[in-house]
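Once you've looked at the hints, go ahead and assemble the two chains, each given alone in its own frame, into the complex.
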Amino acid sequence: MKFRVTVAAAALMMSGIFPAYADGLGDYFTYSGFGTLGAVRSSTDEAQFGYNRQLGGATEGVDFETDSDLGLQLTGKANDWLSATVQGLAEKTDADRISMAVEWAFVKVQPIDGLTIRGGRMAMPTFIVSDSINVGYATTWLRAPNEVYGLAMLPLLEGADVTYRKSVGPVALSVTALGGESTLRALGTNYEARDVRGANLQLETEWVTFRAGRVETSEVEVGGTPRQYSFTGFGASVDHNNIVAQAEFVQRRAGYYYNIVSANGWYLMGGYRFGKFTPYAIYSSTDPQYNPDSAPVQLAVPLISNIQKTVAAGVRWDAFSSVDFKLQVERVNTDGTPGISFSDPDLAGALRFDVPITHPVTVVSANVDFVF
Amino acid sequence: MRTFFRLAFPSAMIFGLGLAHADVVAVVSAKSSVTDLTKDQVSDIFLGKTSTFPKGGQAVPIDQTGDSPVRDEFYTKMTGRTAAQLKSYWAKQTFSGKGTPPKVISGDAEIKKLIAANPNIIGYLDKSKIDATVKAVCAP
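Protein sequences appear in the order of chains R and X.
Under the working numbering, the first residue of the first sequence is numbered 1, with each subsequent residue one higher.
Under the working numbering, the first residue of the second sequence is numbered 1, with each subsequent residue one higher.
Source of the hints: derived by calculation from the structure; they are not laboratory data.
Treat the hints with care, since some could be wrong.
Unchecked claim - Derived CB-CB ranges, DEER-like:
(1) R/VAL171 with X/GLY57: 17 to 27 Å
(2) X/GLY57 with R/ASP287: 21 to 31 Å
(3) X/ALA109 with R/ALA236: 39 to 49 Å
(4) R/ARG97 with X/THR35: 18 to 28 Å
(5) R/LEU268 with X/ALA84: 17 to 27 Å
Only a predicted model underlies this, so the values are computations on that prediction, with no experimental measurement involved.
All C-beta atoms in this analysis are idealised placements derived from N, C-alpha and C, irrespective of residue type, glycine included.
Just chain X, same shape as in the assembly (with noise of 0.2 Å):
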């Protein structure tokens, strides 16, 4: 038993750790009209494959830097590619003249203030930065 506690309790400990994790949401302008997004509707957007929202509107994406706790977590849970898979899959999409990778904004300040004021564009967040500014159109 007690072999078992010593055992358990350290994995438990990391496996919180694991469900710690940072909570990323996809969000918009408080302004917007959009409300509930699909994970799918949220991954067509951000891999370019469309550039409305489905109930019309332009939808213009923009990204976290590449060291962001979100990002990762974003696209695996959205599009279910990695960090590598969507790096090929951009030099893909761009070498082909199908599309350039969403613009890079730099912090989650920078990026509210963009979102909040213009309501085509979508970004996304840690659950925790959303205030009366932006809302959240979905959760994976």
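Isolated chain R, as found in the complex (with noise of 0.2 Å):
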């Protein structure tokens, strides 16, 4: 927390040394913002249905914190090639409550034409959607699947990342290489991680985009003894003329701990655009990855990957411009597992993660986007 503060002064500070007016085209403060109300409701009282990793959650009550959230953001432009973004984000995460913390402060580079340093806090490009998975106004879905956005562990970087983008002909190449620090969250308990190396390698076309990457790390500080962790992903979405389709793949791994955190996920969305209206139908999955020559460790700690299936169906209202509204109806299958999605904060420790769910569960969300 201190840490955070910290970077938080750091980069007002920094936003400081940039010119605070705006005259011609190009020398200017840009301060925006997003957010989300929801509502959400499932059909079990055996735990608490959330969302990445959140504790807590939605019951056969109505919870109000599962999705929502609010995001300021600030960006100062020095120039043509040098830039800060600070952006602050309230939303719940692990602590059962919504929180407020700085979820980017960086430096943005631009010394020439496709070229793009950025440096300090950021998010890590883990999926097609990293960066603007916060922002439900930028998304068909109303939240993204949890069988794969839920499985990253190391959601921001604190580093650098180098990318280059070049144009040939109507296809858009970009590569991207980072390195830095992050924050492995786990069953609700924080590690340090060092050392984190990654790449991401993005092909895009007028109506389709492939996306390829990978992260890793040798040093993640678990009772001291530094453990391997890796999470690749590929992926691909279409836009085009009213159809929206989006699929993607990955794989987490680790070294010691394989059998806990193993899993490979993956979905597949679909949507056709009627106007100010695009319903869409989601299938996602995660499966535990399971090596015999790790099995002891199995006993020792609750399972992180479980299995769960959602079939998901929904609906975007491009209600007025800059606000949206979304309705979304699924049906989790946990196979009897505690799933991704649950948790019971009454319980103690790592337990909160560990309930099982006897029953398939159906979830109703509700959701207004806005952007301003």
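Set out below in structure tokens:
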């Protein structure tokens, strides 16, 4: 927490050096924000439904904290090659309440056209939509499928990344390399992750985007011993005429804790835009991976990887400029395991994430997303 | 035959109205060395994917207001994106720190004045609004 405050103060001081006037094009501060107000209700009282390893969430009573968030972003642009961005985000994380944190604070340098270097705190590029994942207005679905997006354990990067972007005819290619530190969150506990490295490759045409990327570290500090962790992902997204479709496949792996952590996840999303209405459907699945050589470890700690499959159907309605409404109904099947979307804040320690869900659960959600 | 005319005539009129839609063109200063740009090049500049013209020189796009009759047509023809898609695209870019949408300038006259004065600026206008101070570089 102390570190977060320090980063915020440094970022604010940094942004202070930029001219705060808006004369001419290019020299200006921009202030923008986004938010979601969401209500969720689930059909079970066995445990609470959340996403992205939130502690607690929706039960048979309506919950407003699961999907609601509010983000504020300040960008200071000194000239056409130097800028700084700070983003604060209030959302519910693994602390069973909404809290405010500095999500990003980075300085961006573009020395030549196509080359971008960033340093500071930023989103880890783990998925096809990593850096706008909290912005409901920017996505078709009500919330990202937890069977894939809930698997990533290193959400933020404190370090630097370099991206080179080049257009070859109608195809835009971008390559990113990153390095730094992060915090790994598992079962409500934080672990320092050092020497985090990663690479990201993206191919984009007017209507299709392909992405492949990997993030890894061999220095996650668990009980004084460095442990290995990696996350690899492949994805494609299509936005053509009125068709929207997206699919991703990810692999989460660990060395020593292989059988607790390792899992494959994938989803397929398809939708069709009828004017202001975009109905869509998603199928998503997490499959834990098992290696008999690591079996004894499995007995000591609750599993982080459990089976979970969800079928979801929803609709996005672009009601007003800058405001959309979404409704989503989903059926979550954990096959009798604790799954990955459920927890019980009334239990102690890691047991809070280890409650078996005996029946498939129906979840109904309604969101209002806005940007300003 | 009479039925045919009765049906065909009004639909021809409706079709004619559709064609009478504004003819939007991308424009730069008459002083600029930029000549012809492709749709993809204009699209890259207005979507913030590049900040330079293909043959060099900084490119600064400026936008018409949301209620302008040419704005939707420009983006649909140049980038293949509808107003809603564009809004969502910029939300994604803005809140991932990748870029901000072009500055919005109100009115054709003001747009023309800015473009005429600065060879780095690129905008778009209805073809009929072009005069000697600015020139068309891409007609989709």
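>> For the hint 18 to 28 Å, verify it against the beta carbon of R/ARG97 and that of X/THR35.
In response: 60 Å, violated
> Do X/GLY57 and R/ASP287 keep their Cβ atoms within the hinted range of 21 to 31 Å?
Replying inline: The hint (21 to 31 Å, Cβ to Cβ) is violated, given that X/GLY57 and R/ASP287 are roughly 52 Å apart.
> Taking the CB of X/ALA109 and the CB of R/ALA236, does the distance hold inside 39 to 49 Å?
Replying inline: 45 Å, holds
> Taking 17 to 27 Å as the hint, is the beta-carbon distance of R/LEU268 and X/ALA84 inside that range?
Replying inline: Holds - the Cβ-Cβ distance for R/LEU268 and X/ALA84, about 23 Å, lies within 17 to 27 Å.
>> Between the beta carbons of R/VAL171 and X/GLY57, is the distance compatible with 17 to 27 Å?
In response: 24 Å, holds
Consistency note: the structure conflicts with the earlier hints numbered 2 and 4.
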